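Trainee: Here is how the chains run, residue by residue.
There are 2 protein chains.
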Amino acid sequence: MEKKINRRNFISTSALAGAGFSLPISASGEAPSFLQRKDDRKVNIGVIGLGERGTGLTDLLLRRDDCNVVALCDIHAPSLKRAKDKVIKAGQKVPKTFGDGEEAFRQMLELSEVDAVLIATPWTWHIPMAVAAMRAGKFAATEVCGATDIQECWDLVNAYEETGVPCMFLENVCYRRDVMAILNMVRKGMFGEMIHLEGGYQHDLRHVKFNDGKTPYGSGVEFGETGFSESKWRTNHSVFRDGDLYPTHGIGPVAMYTNINRGNRFMHLTSTSSKARGLHNYVVDHPNGGKDHPNASVEFKLGDVTTTVIKTFKGESIILSHDTNLPRPYSLGFRVQGSKGIWMAVNKSLYLEGESSNPHRWEDARPYLEKYDHPLWKKFESQAAGAGHGGMDFFVINDFVESVKNKKNPPIDVYDAASWMAITCLSEQSIATGSQPMNFPDFTRGKWMKRKPDFAM
Amino acid sequence: MEKKINRRNFISTSALAGAGFSLPISASGEAPSFLQRKDDRKVNIGVIGLGERGTGLTDLLLRRDDCNVVALCDIHAPSLKRAKDKVIKAGQKVPKTFGDGEEAFRQMLELSEVDAVLIATPWTWHIPMAVAAMRAGKFAATEVCGATDIQECWDLVNAYEETGVPCMFLENVCYRRDVMAILNMVRKGMFGEMIHLEGGYQHDLRHVKFNDGKTPYGSGVEFGETGFSESKWRTNHSVFRDGDLYPTHGIGPVAMYTNINRGNRFMHLTSTSSKARGLHNYVVDHPNGGKDHPNASVEFKLGDVTTTVIKTFKGESIILSHDTNLPRPYSLGFRVQGSKGIWMAVNKSLYLEGESSNPHRWEDARPYLEKYDHPLWKKFESQAAGAGHGGMDFFVINDFVESVKNKKNPPIDVYDAASWMAITCLSEQSIATGSQPMNFPDFTRGKWMKRKPDFAM
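Chains A and B, in that order, give the protein sequences.
Residue 292 in this note's numbering sits at position 292 of the first sequence; the count goes up by one each step and never skips.
Residue 369 in this note's numbering sits at position 369 of the second sequence; the count goes up by one each step and never skips.
I should point out that these hints are in silico values taken from the structure, not numbers from a laboratory.
There could be a bad hint or two in this list.
Same chains, same names: a pair is fine if it fits in one copy or spans any two.
As the list claims (entries may be wrong) - Simulated crosslink set (DSSO-like; lysine-lysine; CA at most 27 Å straight-line): (1) 452 x 408; (2) 379 x 407; (3) 188 x 447; (4) 301 x 275; (5) 379 x 405.
A quick note: this is a predicted structure, and the numbers were derived from the prediction, not measured.
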């Protein structure tokens with residue numbers, strides 16, 4: 001009975017009140033521990049995927065005094081050992097480890113002591129693992145990107161709705177300091193009504209997509225079977241897919257500015273890809289490559305620059321860029337334009353009607369970003385110091401752990417994950433059909449009309 | 001016989017060799033003067049449209065010693081007189097004037113002494129007047145924009161092909177100093193192969209679209225019948241049309257970077273408009289407006305920000321922005337991205353692989369713009385000084401007059417005009433059908449495969 005009440009309590013605080021669920025039962029026949037857990041004990045977390053990213057996030061978990069890393073899973077033994085040693089060195093109990101094959105994570109999900117699971121595996125594993133975690137009663141958190149088909153996005157939503165166990169999508173850029181200061185200003189109405197927004201992933205990843213098979217970051221032109229680390233799995237997406245493969249760093253903040261799935265939603269998109277030259281050129285021009293290297297004959301399908309334009313229910317237009325194969329400085333290219341003003345990240349400037357002193361002139365954004373620094377950044381600045389990606393990784397992990405502790409739906413949830421990741425699939429379809437518009441599913445099944453903004457409130 | 005030889009000489013220097021033409025005859029039965037004119041006399045020019053823009057361009061003609069302004073046409077008597085006075089003050093013969101109704105320009109086109117006609121009228125007159133000029137044997141030059149339907153673009157092309165009389169499209173931004181320096185760098189291969197480009201017209205025109213009916217620039221919220229100057233005709237397009245109304249300042253330079261109609265061509269586009277708020281808000285918030293002003297009930301159809309994405313035959317992607325209704329700093333938003341580097345206008349920066357000293361870091365573009373200043377700018381810098389729009393108006397007028405003098409097809413011709421202006425019509429169609437892709441006609445009827453770059457060579 002207590003289990004059921006706990007579960008109902010959780011559900012009543014989520015957007016799911018009134019929906020009918022069957023109680024999720026783990027493979028071992030035990031009731032799932034997340035819904036049973038008492039609020040006063042530390043959160044027990046298992047981590048799946050201990051490459052560079054998973055290890056970095058584990059470090060952040062180990063810095064906290066409100067959670068334990070109790071289980072680890074990776075099929076790469078050295079990575080698994082490295083993470084295990086870190087947990088032990090942090091003074092925690094020896095974690096249980098799982099590494100015997102690609103399905104080993106399912107054994108971890110049977111551990112009754114695990115409340116929540118953090119997933120930092122290659123893209124295509126994110127959704128299956130998150131779904132399996134929810135269905136095993138574990139609060140899931142997954143790194144960004146991964147959908148290969150719209151149905152996978154539905155799988156994620158359905159797993160949540162059928163179990164009542166949440167999943168957080170770890171889009172850290174939503175927590176970037178300038179992004180949150182702008183969110184603060186947007187919510188104060190300083191930009192007026194939202195009209196047009198831009199964002200993207202503009203990052204020269206050639207040194208990530210290729211290496212010598214032994215060390216990361218550009219040491220050669222190997223990928224796939226002969227590659228190392230990310231190049232082992234990530235680069236293959238550039239061979240077989242043409243679309244916005246990595247939309248969420250750009251769309252996450254934009255979705256928060258426009259209240260997507262909370263009174264607003266994406267309606268349709270079109271995508272257009274440029275020719276693909278960057279990766280081939282890299283292989284040919286690299287000292288360890290050359291025109292006779294086997295990878296010089298690979299046809300990389302991913303256009304060097306993919307442009308996606310989204311229209312929302314509320315009438316905003318959004319440009320998303322994906323640009324990872326060419327020499328260029330890093331830029332997420334944010335632009336927030338409303339009826340009263342505009343902010344652009346690339347020139348670090350803004351213009352606010354009535355506020356900026358020179359009409360028609362850009363103004364340095366910095367004083368505004370400082371003045372409107374988000375309250376969460378003010379509160380957690382010292383704790384965020386030293387966390388990855390300029391501190392924003394602290395915030396995304398903090399919201400994950402706090403959501404587990406408080407048994408609440410996280411501020412970036414399955415509906416966000418589904419509609420943001422769906423961009424990849426829809427953009428592939430649009431490009432494959434000559435930029436035809438593709439309609440977004442309503443992954444909330446109508447709940448977007450009533451849901452309220454809850455991110456960073 | 002001489003007429004015919006002259007005409008053949010002209011045609012052999014144009015891209016039209018081999019096509020069959022009927023000799024154009026003016027309404028008065030005389031042979032057209034452009035094809036008859038001797039190379040050693042000054043060019044006689046008639047100007048149609050003497051508002052702010054036409055008067056400014058007339059000033060530039062009057063600064064030159066190789067042409068005469070022999071005729072003027074405007075239906076607004078004070079504007080006509082102002083221009084006439086300027087011609088006389090410049091020491092030229094009293095020009096013939098035409099102002100009796102909207103068709104008065106046709107009388108000017110009958111003047112045998114007129115070699116060429118410059119058109120700076122409201123948008124919808126550009127094409128009919130240019131077509132009439134060519135059919136009357138006058139070398140035409142038209143200010144930018146104006147097509148309301150794809151057929152009008154064909155009208156322009158057909159008039160040229162049927163008469164052999166050229167038309168220049170006066171897209172001055174092609175001659176902007178930084179734009180031409182970048183063109184110089186593009187042609188030297190410094191950016192590598194062109195991959196992705198951006199441009200647009202991002203200019204807060206609210207003060208142009210409204211005034212008090214007596215003075216220009218934001219003095220009230222009147223337009224159309226009760227407006228003055230541009231607001232008299234331009235604003236109505238924002239009421240009745242939703243599309244990229246003004247694409248050519250952005251697409252002109254981009255077309256030159258990518259050799260459009262010269263080995264390359266536009267294949268298709270998609271357009272998406274944001275909601276429309278800016279103009280309504282302006283009327284309501286203006287001290288001379290208010291929510292009870294009649295114009296507060298006008299439904300402005302033009303989305304505040306229109307985004308168009310074009311795909312070219314060579315595989316480049318192009319983003320064009322149209323953004324004229326919101327408070328924002330002026331920016332044409334150029335971005336030129338190739339396989340070896342990127343330039344962006346908004347942050348005045350570039351990155352060139354192997355050249356920029358800090359990998360992944362923006363570099364100030366200025367030293368490059370100075371070092372690669374286009375030879376034409378070096379040559380004509382002193383003559384351009386004081387000409388409109390930072391000097392670029394000198395260059396566009398110079399190319400026009402030189403093309404007439406040399407009886408050659410101008411570097412921005414009917415094919416460019418047609419394919420650039422077509423963007424407006426296609427973007428309207430795309431937006432009206434939910435961002436469906438629209439295919440570009442091949443206005444060159446295949447000649448793009450053989451034409452060579454000739455702009456600023």
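Trainee: For each hint given before, does the structure comply? Return the numbers of the non-compliant ones in rising order.
Mentor: Going through the list in order, the structure violates no hint and respects every one.
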